[in-house]
Structures are given as C-alpha cells and as structure tokens.
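Keeping their order, the protein sequence lines are chains Y and U.
Each residue of the first sequence is one higher than the last, beginning at 1 in the numbering used here.
Each residue of the second sequence is one higher than the last, beginning at 1 in the numbering used here.
Hints listed in this document are in silico derivations from the structure and should not be mistaken for laboratory results.
Worth double-checking, as some hints may not be accurate.
Subject to a maximum C-alpha distance of 16 Å in a straight line, what follows is the list of computed EDC-like cross-link-like pairs (lysine to aspartate or glutamate) [what the hints assert, rightly or not]:
#1 Lys102(U) to Glu242(Y)
#2 Lys166(U) to Asp71(U)
#3 Lys190(U) to Glu172(U)
#4 Lys239(U) to Glu226(U)
#5 Lys171(Y) to Glu61(U)
#6 Lys243(U) to Glu226(U)
#7 Lys56(Y) to Glu242(Y)
#8 Lys117(U) to Asp186(Y)
#9 Lys243(U) to Glu220(U)
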Amino acid sequence: MSIKMSLSYQKIWLKLKRSPVMDVTKFLIVVAVLIWVMARGTQQLGYNWQWYQVPKYIFQFQDGEFSFGPLLFGLSMTFRITAWGLVLSMTIGLVTALLRLSNSFFARIVARGYLELIRNTPLLVQIFFLYFVLAPIFGFSRFFAGVLALSLFEGAYASEIFRAGIVSIHKGQWEASHSLGLNIFDTYRCIILPQAIRRILPPLTSQAISLIKDSALVSTIAIYDLTMEGRAVIAETFLTFEIWFTVAFMYLIITITLSITVNALENRFRIQT
Amino acid sequence: MQEKKLGDYIVTVDRISKTFPNGVCALRDFSTRIRRSEVVVIIGPSGSGKSTFLRCLNGLEEIDSGSIVIDGTPLDENKKNRLEIRKEVGMVFQSFNLFPHKTVLGNIILAPGLVRKKSKDEARKMAMDLLMKVNIPEKADSYPSQLSGGQQQRVAIARALAMRPKVMMFDEATSALDPEMIGEVLDVMKNLAREGMTMIVVTHEMGFAREVSDRVIFMEDGCIVEEGTAEHFFSNPQKERTKLFLSQIL
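The whole structure should be built from the sequences, with the hints applied where relevant.
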C-alpha cells in the first residue's frame with residue numbers, strides 16, 4: 001500500500017517539476033530574495049520608503065478629470081522620440097546597408113565612413129556634439145538634435161544587422177531573379193528583403209530595444225523625456241529610490257510591449273516550412 | 001528520330017574565353033551556333049566549363065573575350081541589351097532556386113508581372129496553364145518547402161517558361177533529384193523539346209540525350225572535344241577522350 005502511494009506521489013511530483021508551476025515558483029522565490037536583500041540594505045541606510053507618494057506624479061484624478069502627471073508627460077515625450085528614432089534609424093540602417101552592398105565605389109566609401117565614424121564614438125558625445133556644435137550652426141531644435149543623434153547612432157548598428165541579413169540570402173536567389181529578368185530594385189524589394197528581414201527580426205528587435213533605452217540619454221540636453229522628468233521629480237521630493245524604480249519599470253513596459261509585438265509579427269510572417 | 005524543322009541561328013557564340021579570378025580557365029575560344037528549336041545536350045566531366053558556358057549566355061558570368069549574340073541582340077555593356085537577353089533566355093538550376101517566401105503560383109507570376117508588365121489575372125491564368133503542363137496544378141497554393149524535389153523542379157521550369165523565353169537552358173536540372181523523380185522532370189523537358197523550344201541542356205542523362213537531342217557536344221577543359229548527332233555520338237564516337245568519358249558513364 002505504501003509503495004503504491006509513494007509511486008503515484010512520485011508521478012505527480014515529476015509532472016509538477018516539468019510544469020510551468022515550478023518555473024514560476026522558482027522565479028518568484030528569486031524575486032522575493034532580491035526584494036528581501038534590498039529591504040535589508042535600505043533599512044540599514046535608514047531610507048524612508050514612501051511609495052504612497054508616487055502615484056500623484058504619474059497621474060492625477062481630480063474632480064472627475066484625468067490628467068497626466070510629470071512622469072506620464074515624460075513617457076509621452078519618450079514615445080515621441082522613440083517613434084521618430086525607430087523610423088529614422090531603420091531607414092538609415094537599410095539605406096546604409098544597401099549602399100555598402102552597391103556596385104558604386106563612392107557609395108561604399110560613404111557608407112563605410114559613416115559607419116566607422118558613428119560606431120566608434122560614444123552616443124553621449126554625439127548628442128552633445130549635435131546639440132552644442134551643430135544645432136547652433138544649422139539652427140535646429142534640441143528635440144531634433146536628440147532624435148537625429150539617436151537615429152544616426154542606432155542606424156549605424158542597424159545597418160550592419162540589415163547587411164548581415166541580406167548577405168545571408170543564398171546566392172541562388174539572386175541568380176534566379178537575374179535569370180528571370182528582374183532589375184536590382186525589384187530583386188531587393190520582392191525577393192531579397194522579404195527573406196532577409198524575416199531572418200534578422202530577433203537582432204533588429206534588440207536594436208530597437210537599445211534605441212528605447214538609449215533615448216534616456218537625451219535627458220542630458222534637457223529634453224523632458226521620462227528620465228528627465230524622473231530627475232526633476234526627485235529633485236523636488238527626494239523620493240529617489242521609489243521614482244527610479246518607477247521610471248525603470250515604465251521603460252520596461254515599453255520594451256516588453258515592443259518585444260511581444262515583434263514576436264507576434266514574427267509568427268504571423270513566418271515562412272511556411 | 002522524327003524530322004524536325006530547325007530554324008535560323010538564334011544563339012551565336014564566337015570564340016568566348018573565361019578565366020576565373022582564381023586562375024581556373026573555364027572556357028577557351030569556345031564557339032558554337034544553335035538554331036531555333038534545336039535541342040543541344042552538353043556533356044563532359046566536372047570542371048569542363050559546361051555550366052560556365054550556360055551562365056555566360058545569360059550574363060551570370062562575364063566573358064573575357066569573344067562575343068555572344070542571342071536572337072540578334074548582342075550581349076555587351078548596353079543595359080537594355082542585357083535585359084532583353086535575360087528576358088528571352090530562361091534558366092533552370094540544379095538547386096531549383098525557388099523563392100521560399102512565395103507560393104508556387106506566386107513564384108510563377110512574379111516575373112511576368114514585374115518584367116513583362118502582365119496584369120495579375122493574365123499572369124495567374126498563364127501560370128495555371130503552365131502548372132497543368134508540368135502536371136501539378138493542385139499545388140498552386142502550396143509553398144516550395146511543401147513540395148518534393150521533382151515537383152519543385154517542375155515549378156522552376158514553369159516559372160522560367162512564364163517569361164515566354166526563346167531559349168531554355170537547363171543546368172544539370174535533374175542532378176539533385178532522387179532517381180524516382182528524375183523521370184517526371186525529364187518528361188516535362190521532353191515535351192518541351194517536342195513542342196519546338198530551343199533548349200541547351202547540361203546533363204548526365206544519356207537517355208534523354210539519345211531520345212530528344214538534335215546535337216550532343218562533349219566538352220573538356222573549356223573546349224569542344226567532339227560534337228555530333230546523338231546517334232553518331234553514342235554509337236560511333238571518334239575521339240579517344242570521348243570514348244573514355246562515355247565508357248565511364250554508360
């Protein structure tokens with residue numbers, strides 16, 4: 001009787017071990033430990049946690065009217081910068097990759113020059129350069145400077161990802177396209193790029209996430225994005241720990257949303273096998 | 001062998017040479033002329049320049065010297081001429097090279113739509129006719145990866161035919177196929193020959209050569225060693241190298 005019982009318990013245990021329940025439990029235990037460690041640490045610092053103060057800096061609900069708090073304004077600014085940044089950097093990336101692969105020596109040199117210059121200097125320095133040196137000369141706004149710096153920087157990295165994807169397409173695809181009489185434009189548009197982009201969605205997503213996080217650096221030229229608003233709120237209230245946790249969490253929401261969206265896209269456009 | 005009416009010269013190759021950057025000389029002063037509706041089979045050992053010859057004809061490889069004229073259009077630097085030739089010469093590859101992200105139908109209608117500016121309906125109808133011709137109309141909406149090798153190659157043939165080329169080239173079209181599937185592809189090629197298509201076929205399938213070819217060319221080291229009709233070739237080869245090669249493969 002006891003052997004039979006222990007056998008069936010063993011079966012249940014094995015099933016449980018493999019199920020998601022175990023993984024989620026392990027994860028929660030790790031998180032709990034981390035929180036405990038932080039709590040101990042801050043207790044020793046004598047930090048006074050005031051989480052209840054945080055919501056009013058996110059949004060306010062007064063007299064039945066919903067209004068944005070500074071953090072949500074910052075978030076919307078980050079969205080604007082990131083949206084422009086993503087569109088521009090992907091465009092710059094694709095164009096640069098095509099230039100690097102073109103038959104024209106001049107095109108290849110220009111693309112390579114841009115790539116090496118931008119990849120080898122820090123983003124922060126590029127932001128300052130654009131804002132303090134080029135913006136006064138050409139007369140563009142700090143928003144433009146921030147977006148431009150971000151796009152040029154991330155575009156350089158994106159271009160190498162695009163190029164890797166294009167180059168990975170089997171030579172036979174080019175030859176078949178050539179033999180059917182397609183020109184280069186149609187070959188890229190209909191044959192090469194649809195296949196290449198599907199392949200590079202994972203690293204491109206990482207690239208997009210990098211852009212979202214790097215957008216925080218534009219706070220250094222006083223653009224009131226999420227990070228800048230966070231700093232402003234902390235300067236007023238000294239709710240350092242709570243606000244930074246909240247800001248980090250808000251960035252996390254953006255990047256995870258992007259990840260999930262791209263995942264869904266990947267599944268939708270998967271080439272049938 | 002039925003009496004076939006061969007037309008005027010459609011492909012004129014005059015002393016072309018090609019050496020690859022790594023020093024390999026693939027074609028040496030190679031010359032030949034091919035008539036309309038003629039079926040030319042090219043055989044020879046690996047590295048003899050058979051594939052290179054085909055690839056030079058439609059511009060996939062550049063010749064170092066000599067000239068190629070296809071249906072009156074010379075293959076030179078003129079982009080329009082090159083495009084014209086690419087449209088009129090169809091190629092079927094050993095590794096099929098179908099577009100994996102498009103359906104079978106999509107593969108076939110792509111080029112006629114973009115290059116010959118056919119409307120989608122026109123192209124679709126033509127594609128279905130071609131699929132009937134190669135005996136796989138039911139696969140129109142499948143993806144290449146869902147097809148067997150023989151079916152994929154037949155789709156590739158249909159795709160090349162969709163451009164209504166004047167010359168069809170086959171670069172070892174059955175070499176990558178399982179033996180059971182070679183037959184179905186060869187049947188399509190034989191039908192094409194009977195319908196009067198000008199064909200240049202690089203192959204090891206001697207049965208095909210004997211049955212449908214008008215001329216067999218044996219190449220080695222970038223040169224023509226011997227050429228003649230299929231009967232002459234297989235029953236009475238003249239050169240020693242030809243005899244040696246045939247003894248190895250027959």
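Each hint, compared with the structure:
Distance restraint check for Lys102(U) and Glu242(Y): the Cα-Cα separation of roughly 52 Å exceeds the 16 Å cut-off, and the hinted pair is therefore not satisfied. A threshold of 16 Å between alpha carbons decides the hint, and for Lys166(U) with Asp71(U) the separation of about 8 Å falls inside it, so the pair holds. Distance restraint check for Lys190(U) and Glu172(U): the Cα-Cα separation of roughly 15 Å lies within the 16 Å cut-off, and the hinted pair is therefore satisfied. Proposed proximity of Lys239(U) and Glu226(U) is supported: the alpha carbons are some 7 Å apart, at most 16 Å.
Among the hinted pairs, Lys171(Y) with Glu61(U) is consistent with the structure: their alpha-carbon atoms are about 13 Å apart, no more than 16 Å. For the suggested pair Lys243(U) and Glu226(U), the alpha carbons sit about 10 Å apart, so the restraint of at most 16 Å is met. With a C-alpha separation of about 13 Å, the suggested pair Lys56(Y) and Glu242(Y) falls inside the 16 Å cut-off, and the hint holds. About 13 Å separates the Cα atoms of Lys117(U) and Asp186(Y), which keeps this hinted pair within 16 Å; it holds.
Taken as a hint, the Lys243(U) and Glu220(U) pair is honoured in the structure, with Cα atoms around 13 Å apart against an allowance of 16 Å.
In the structure shown, a violation is registered for the earlier hint numbered 1 alone.
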